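Q: Go ahead and model the full structure; you've got the sequences and the hints to work with.
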Amino acid sequence: MHLALVGTPNSGKTALFNALTGSRQKVANYPGVTVERKEGSFVTPQGRQVSLIDLPGTYSLRGRSPDEEITRDVVLGRTSGEALPDLVLCVADSTNLRLTIRLLLELKSTGRPLVLVLNMFDIATRRGVSVDVAQLSDALGVPVATSIAVRKGGTFDLLRLTDELLEHAPGKPRENFWQPLGVPELRATQREADRIIAATVSLPARPDTWTARIDSVVLHPVGGLAILLLTLFIMFQAVFAWAQPLMESLSSSFEAIGQVIHETLPAGLLQSFLQNGVVSGVGSVIVFLPQIIIIFLFILLLEDFGYMARAAFLMDRIMGGAGLHGRAFIPLLSSFACAIPGIMATRVIDNRRDRLTTILIAPLMTCSARIPVYTLIISAFIPPKLIWGWINLQGLVMFGLYAAGIVSALGMSFLIKFFMWRDYQPAPFMLELPDYKMPRVRSVAIGVYTRAKMFLQRAGTTIFSMMVLIWFLASFPQPPEGATDPAINYSLAAAIGKTIAPLLLPVGFNWQIAVALIPGMAAREVAVAAIGTVYAIEGGKQAATQIGQVLTTKWSLATALSLLAWYIFAPQCASTLAVIRRETGSWRYVALTFIYMLTLAYLASLATYHIAVALGAG
Amino acid sequence: MTKPKEKPHLPLGLARRGFTGVIQHLAASRAGSALSDAELESRLIELGFVDGAKVEVLHEGIVGNDPIAVRVENVTIAVRRREAMAIIVA
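Heads up: the protein sequence lines correspond to chains H and E, in order.
So the number in my numbering is just where the residue sits in the first sequence, counting from 1, plus 64.
So the number in my numbering is just where the residue sits in the second sequence, counting from 1, plus 20.
Certain hints may be false.
Unchecked claim - 25 Å max Cα-Cα, derived SDA-like pairs, lysine to any residue:
1. H:Lys102 / H:Met372
2. H:Lys501 / E:Asn94
3. E:Lys74 / H:Pro73
4. H:Lys481 / E:Arg101
5. H:Lys562 / H:Lys501
I should point out that these hints are in silico values taken from the structure, not numbers from a laboratory.
Just so it is clear, the structure is predicted and the values come from calculations on it, not from any experiment.
A: Structure follows, in structure tokens:
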């Protein structure tokens, strides 16, 4: 039996989905579109095996966006590979029935068997909303069940009704006479909905006072901005600082495992493959988990509480100036820690094109993996002198690198809107601000767990295979007997590096840098160790100062500055590309990201190098 | 009993915080929105902006007092002033 959940945004649809299916969920994308497909399964009290699909939230079946088209097409059975639902559960927030009842009246014309689920029935009762369920069911001509998705046993009424209805299914098929509604029909259905509500529901005189009180602070022009900045600051701290110790202990455990392999196995290919290919490959996937868990914990808490819509309200004009959606700021902020959770967080943006724009510019934010590269070069080449007595030149350069990332991201967003989606009219900002609700531990936990699992299964496999590929390039062919140079200098990576070296000559890179950039694709900070390896400096990460000293003798200041400029823009992170592939479902956007970032990096380095040389830093 | 004074009609896009009124009709052509008139009216109706609905402007945004948060019957909707120009209230 196939069931589908339909409802307006904020109807508590996801909470109900979580309550019905628990952790038995599969999250994927619909083929060819950046729309999330959530499916789960459960067994009804009478023992029916049911698969449940959570369709994107919508106010109507007109299909204004790819998400809403999915909802329409699944309900109408137009999607190939999706079963026509045997029963459609239309979910409503009981405190706010107006918009859902209108949607339900539209759904009726599709001929699908329907149930109206009055979700959050407890909150409605507490607020003094009283619904005559039997009369409402009569007036609508649709069975109605009440539900409290967040409470144990709160779905009992719905499950009982589901069993009852599935018993008689399939009844005689009803005809689908749905067609897109024009303005007069929409108005007529809304009037009809209002009429039915007036006859069957009595509303309290006063709206929810808690929401009004919180909003008077949270949406206050001054206080609201302060609270938003504070929230963002805490979130940024959490992702950046709290995750760091965890990530370090994870990566040092993987290093330790690698060391054990190194010591137990004889030196050779197998040892190198297990240590540097497999273990460090798995490690480089797992190491992102703390950040992904923390970022989604925050996002889901804020979303469930109802704050996300408020934040979008406050940020709308500010972000809108750069052609970005109000909701893009959380993914972009997360990208300062790491573009991977940032890109995954773009799922909070409903509109596909706004989401793609955000995905494309997220890697330009200065992520934490760039910091080791920046600090290495800055501390080696930039003197720590003070300008005007109080500005540290090293700090100023670091600030400049961050600022360059942000400014170029905003510029790119502008260009993307202009060139790629010129025909596309941005959806005007219209958003429901739902009443505040206490987030539920279980629902948030299921959400975080699903994200983490999805990352490991889907992005993880791609990241892992790229790591193994990079290991292969850096290890084959093996150095000949009696070789004196570092092993990497005989490998395919070196061959590639030396081949592209002439291309990088105009930007001031020597062949050693070109070679180090290949393993540097594994993660930006790996380039530091790789440069050390190429210059045959032993000691890995601890040798950073030593590497710095060697570099000052090998590179000119112009080359160092050029490499800094390169690292602002260059797509030097295979994992980011893998996540873009997974999130957009297409290699096209990976290629686009790679090419535009590479172009920017090359141009920036070229300009930096030549200006620096002209100023006498060559 | 005196007949209540007829309130002047104005677009919701010009209303300030604290304004309360009733929607008279929709006039999408007045909004200058990126959307077509029919599409804008459809979206507004789907969010509950129909004639006769009670509205109250609850909050204003930071930059240029835009967007606005509007209570429409018992739902709160955030909308930009540009689009709110299509909603004629009194």
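Q: Hint by hint, note whether the structure agrees.
A: Outcome of the hint check:
1. H:Lys102 / H:Met372: holds, 21 Å
2. H:Lys501 / E:Asn94: holds, 16 Å
3. E:Lys74 / H:Pro73: Measuring from Cα to Cα gives roughly 22 Å; hence the hint holds.
4. H:Lys481 / E:Arg101: holds, 23 Å
5. H:Lys562 / H:Lys501: Outside the cut-off at roughly 59 Å; violated.
In the structure shown, a violation is registered for the earlier hint numbered 5 alone.
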